[in-house]
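**Student:** Next come the chains, spelled out residue by residue.
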Amino acid sequence: MSDDGLVLLQLHEPGETPVPHQDEAGLAVGIDLGTTNSVVAFSFDTEVEVLKDENGKALIPSVVHYKDDGSVVVGREAREAILESPDHVVSSIKRLMGRGLEDVKSLAGTLPYEVEVPPEGGMVRLRVAGRTLTPVAISAHILMAIKDRAEQSMLGKAVTRAVITVPAYFDDAARTATKDAARLADIEVLRLVNEPTAAALAYGLDNSVEGLYAVYDLGGGTFDISILKMEKGVFQVKATGGDAVLGGDDIDHAVAEHFLAQRQAGAAITAGEVKQALMTARVAKECLTGRQSGEWMIELDGIASRHSLTRDELEKLAAPFVDRTIDICRGVVEDAGIDVSDIQGVVLVGGSTRMPLVRKRVAEFFGLEPLSNINPDEVVAVGAALQAEALTRGSDTLLLDVTPLSLGIETMGGIVEKVIPRNTPIPVAMAQEFTTYQDGQTAMAIHVLQVEREMVDQCRSLARFVLRGIPPMAAGAARIRVTFQVDADGLLSVTAREQTTGHEARIEVKPSYGLSDDEITSMLKDSFTHASEDAFRRALREAQVEAQRLVEAVQSALKEDAHLLSMLEHAHVESCLTKLQSVLLGDDRRAIDAAMDALSKGTAEFAARRMNQSVQRALAGKKVEEI
Amino acid sequence: MTASIATAAASVVPCWSCKGPVAARALFCSVCGAVQGPGTIDHFSRLGLQPTFDIDLDLLEKQYFGFQRRLHPDRFAAKSAKERALSQSQATALNEAYETLKDPLKRAAYVLDLKGHKVDLTACGTINDPQLLMEQMEKREAIADADSVETITKLSAEADTEVIACQCHISAAINAGELDEAVHLTIRLKYLAKLAEEARTKKTRMTRALR
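Here the protein sequences come in this chain order: A and B.
The numbering of the first sequence is this note's numbering, which starts it at 3 and goes up by one.
The numbering of the second sequence is this note's numbering, which starts it at 3 and goes up by one.
Next comes chain B alone, as it looks inside the complex (with noise of 0.2 angstroms):
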């Protein structure tokens, strides 16, 4: 009994404003209308979707923009500094969701995240995967001496082509529950990714050069 009064009453809380009742979750109070704060949920709950890594970007947009228009501080400008400041709190909530959800590398650490396994995006340069590491050097050198525009076209295409192929691997991954091995592809896509943008400058660069 005890925990259903404390479960009752934390999906409930009061409204800044008329002090009544309102849903955890809700953006606005049912009562006075009032913009409520973002809350602690979860990217994918924040833009109504389903959680899971394969998500329609058509839609995750066409999500973000909803709640972009009821929420931004440009529906607010006109109201009071509290009103202001909690708009503000649910559109940086919103955007920090979209591009977290946009970028498919984000996207698989943070599904991964919510599964309760932890990829460290931002530790820098060490591969502990030496097998990783001799086709990063093999690839990095690659484009380094590439030297025509064709050879670098062809390197570019081909690091974009095993990037989507990565994207893939770690949905089967992740779909078939073997989260250890979404991890490791999930840093391999890490390097991949860095390595077709840096075929994609190279490219843009001696593409440039020749006009």
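Extracted from the complex, chain A is given alone in its bound form (with noise of 0.2 angstroms):
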């Protein structure tokens, strides 16, 4: 095309206006953050590249090496100080988010983590090399590692945003302490998308697929299965359900019991000790996917014993997990409100599906030969990736996610009240009233849990707070309507509001298995250094994107309605503009909001004289879409 003046119009549907400034934003690319291994992918015109490493590895092991000179090594190489210096790296982290010490599992007898629970209860600590870490802090240390790997491979651009990928079983604890981790690690996270969907994502754009689909996503330490329709651009989440913590890993302790039970060691052994088993039993699971037998030796204390295994006595090990996904996909399926012979596909996604048991039982269940033409390690970093890319340039899909779990709160004599059922459409706000039971009742303690079963000792608390402030009434008589609140990332917040009095009491919220802003502020501090300067920048990006949106929301306004204004009056308008738009593209906060300020200050006039004229119009009788 010739630069003689021809202008190419971009036409946007309303309200779809790109973003100004895209690329000061940093480049969004889609992040699969696993048990054992972590993949990032970045997508441009749905063209997807998985991000490799020198030597042309997608697969970033999920594992922290920390080092008593104080540096932190995440990747293959961390994996293979594990036999060296177990008890300075740490591995499957992931089972740990949002978790209590009651979900650590234990091999015999002993855990592959030297862990500390805080005296009022809740997530976990490890004690790594003398340090105390939360998950949350070991997560944002992976997260660091793969941001690393993503700039370098983009030839040293800024890599700010991304979309994550967790388990559609995760539940909120979980999906906050992901990404409380991205904040740590200096990542905004455009959306927290559940993996069975984004691998639907990459299956149903690739292949353009039609109609009901089941995905099998059995990774190192999480099951889900989520049932979907797809069609045309749309992928409608129709049932999911889970494990968070069944995987690989549980077949690697089966192997690795097995194993220590042959040695007949008397000897009680230690968190390092339990890690080489474990590392030995996952070698032996992946070798005998593509053989019938094997023999694996152990090292522990000096004394090295050989252990043989074949592929029958490994499914013998392996069939109770296998056996529970499949029991989960039964009840799934019966969710979702279908027949099995419904489903004209299966996607397999996660390591674990390389497994012949897997496929074998899976094929069974289904009646179909599973689809896998998509690298079970990579599709869910391809469906993150092109997400990532619809969210900051726009696309055509949609994805209509729901809540994995049901969630409520405990009422009198410890019976659970369902206020959102599993399997609804997310983003989704639900509302159930409860009363007090005391005359002059002034407070009420509100325990926020996710259900699983009807009574409140068999679901796992989400959070507690207490309202106050209810004007003292007979019992009974208050209204207290609770508001259960999910967001598209699946995050829930809750909040409650005496009805009667309409007096919104304030509400304090202690997430269960979480870290308080205090901690995470605290956290920020100390071992983040670029967190005050990263918060900056977010507000101040934030301010941007309003001031571009005050700019452009007036100027449409002056193209419609100039005629309402003076020369003057219009002069005063374009200068407030003018100064807006000077301020805009840089880094003074102030300057940007007293703007800001100014021109609504200077537009308010204008404002009230379009309302009028509208009025005004529909008294003549137009009709208010005319208008």
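Don't take every hint at face value.
[Claimed, not checked] Here are the simulated DSBU-like cross-link-like pairs (lysine-lysine), alpha carbons at most 30 angstroms apart as the crow flies:
id, chain 1, residue 1, chain 2, residue 2
1, A, K181, A, K54
2, B, K204, A, K59
3, B, K204, A, K420
[Claimed, not checked] A few chain A residues facing chain B, derived, Cβ under 7 angstroms:
id, residue
4, R551
5, R612
6, M613
Simulated from the structure, these hints should not be mistaken for lab results.
Every residue gets a Cβ at the ideal spot worked out from N, C-alpha and C, and that includes glycine.
Both chains come to you apart, so use the hints to assemble them.
**Tutor:** See below:
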């Protein structure tokens, strides 16, 4: 095209004008933050590139090595250090995200970590190489390494934003923990996307499939099954289910137990030795995908032992776990209100689906040969990258996801009242009314639960808070409306309000397995130096986006109704506009705020006249739609 | 005159972004393009559907997808905080409308509610209608006693048929303007649906045990 002044107009749907300074905001990538391995990918014009290291490897082992000199190494190198200095290395940290001590699995009575539980309960802490670390901080180290990998692959361009995938069955605490980890790693989370949904997106766009599909995702530490309806760019999750602590790791555990039983070692083993046994077990499991049998060696405390294992034996050890996944599949098919035969295809995701036993059982249950033409290790990151592009550059695809678990409240007598049932499309807001049970009661303790069974002690506690300031009334007279809101990231917020007086009382939410805002702030201060700079930059960007919106709004209004202003008034508005535009690109947030304020004030009279004009026109008999 | 000014003024509200006039039910401001709040409109209007119990479920889904494509928070991820919050409210309202209209029981109660006949579906347990009570007790017993896959399959199919028949009766009652009868039938549908679900669960369990 010649440069003879021909202007190409870019057309946008109303409300869909792209954000200015896209490049300055940094690149957006898709991150599959896995239990065993993590993957990062980037999409441009729906062409996805899985980012690889200098040796061409896409998988980043989710393993962190805390060295004595204070340095932190993540990935392949860290994994290799497990054998030499097991007590300095942490793996499978994802299983502890938003979890308590009761969720940590031991091997032969020994935990693979040295754990500490804060006196008030809540998320566990790990003792590693003389440091005390939260799972959030360890995940942040993995995310920082992923960010580095991405920036190197993108020729040094800053990568600041990401779609991060989480297991569909991850609960609120684990999702919050994941978002906190990203915050520590200086990554802005555009959206948390469920892993099976991300995989479906990758499949759906690639193979233009339509109809009902199941995504069977068995990773290192988590299992998810989602049933989706795919249709012309819409990915609607019908039902999802899973187990946040069921994965290949459990099979490794079973194999390691088997090996240790063969050794008949009487002495208690250390946390480091547990890690070595688990590593050998994992190698054995992976070898038996291609072979029928093999022999492995474990050396603990200077004593070596040989262990042979056949595929049949491995499958016997793995069967209970695979059976459980199939049981969960059955339940989810029922939840979706469909018949297994309605499902047109099954997509396999996660490294553990490489096991021949898993493939066989999945094929039997669904009566279909499963699809795995996109690498099961990479498909989630590919979907995440596509979604990251969709969120930053626009797209026609639509992901409609659901809540994996029912959410409710503990009522009198330890009974659970469901507020949001599982498989409800998100975002969602639902409310339930409760009342006081004592005369003159002015406060009410609200216990938010993730509902698994009918009784409170069989459910997982998500948060507790106290609603204060209820006006004293007779028992049963107060009407307290508790609203549960789940956003598009699957994160829950709860508000409570006394209805008869309209008095919205103060709420203190204490996440049962989370980190408090204070903890996060101090972690940001302590270990991650750019944090305050980062907060500043984000606030500035938010102000810039807001200012740009205002500029565009006023420009549109002028285009439409400038005749309502005198020349002098018009000139004043224009000068306020110019002033805001001149500071908009700078980094002085106060100047931006002041200029926005001036523009708003300068256009108040204009806005009033525009409103007035529309009412006059309506009175003159015009339809509202024509105004 | 004052009344007509009020009407005209009520149908137009100021856009939160450009402060100019925007139709109260508009999704986007026609001047500046900013997304607007969800407002308080009925579920049918929200999805651009005729307010009737007999809806076309394919059309419902098509409308729902169409509106979500424009209003879902994923479309506003890079926008200002206010626009992100408004789109979340819009998508939440769409989900509520879709979930209500998709389910025949919730839809029946909603249609009747719009017509000023409230059906309390949350009132648990108590059945005031002795005939319905007897019928439900007998059927529940039959399901509990079913000891073969054949029997439970038959009972489950019967229960499903009754659910569909009841939906047809509700439709007829609403169309004939017999709203008290429709309320009565809707409460009946609640129990029939629960029974059908119980039968289905037991059928699945028994079929699974056979394998």
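**Student:** Next, verify each hint and record whether it holds.
**Tutor:** Here is how each hint holds up against the structure:
The suggested pairing of K181 of chain A with K54 of chain A holds, with an alpha-carbon distance near 24 angstroms, which does not exceed 30 angstroms. The straight-line distance between the Cα atoms of K204 of chain B and K59 of chain A is roughly 50 angstroms, outside the 30 angstroms bound, and the hint therefore fails. A hinted pair counts as satisfied when its Cα atoms are at most 30 angstroms apart, and K204 of chain B with K420 of chain A qualifies at roughly 23 angstroms. Interface restraint check: R551 of chain A against chain B, minimum CB-CB distance 5 angstroms, threshold 7 angstroms, status holds.
Taking 7 angstroms as the C-beta cut-off, the interface hint given for R612 of chain A holds, the closest approach to chain B being about 4 angstroms. Here the hint on M613 of chain A is kept, as its CB sits about 5 angstroms from the closest CB of chain B, short of 7 angstroms.
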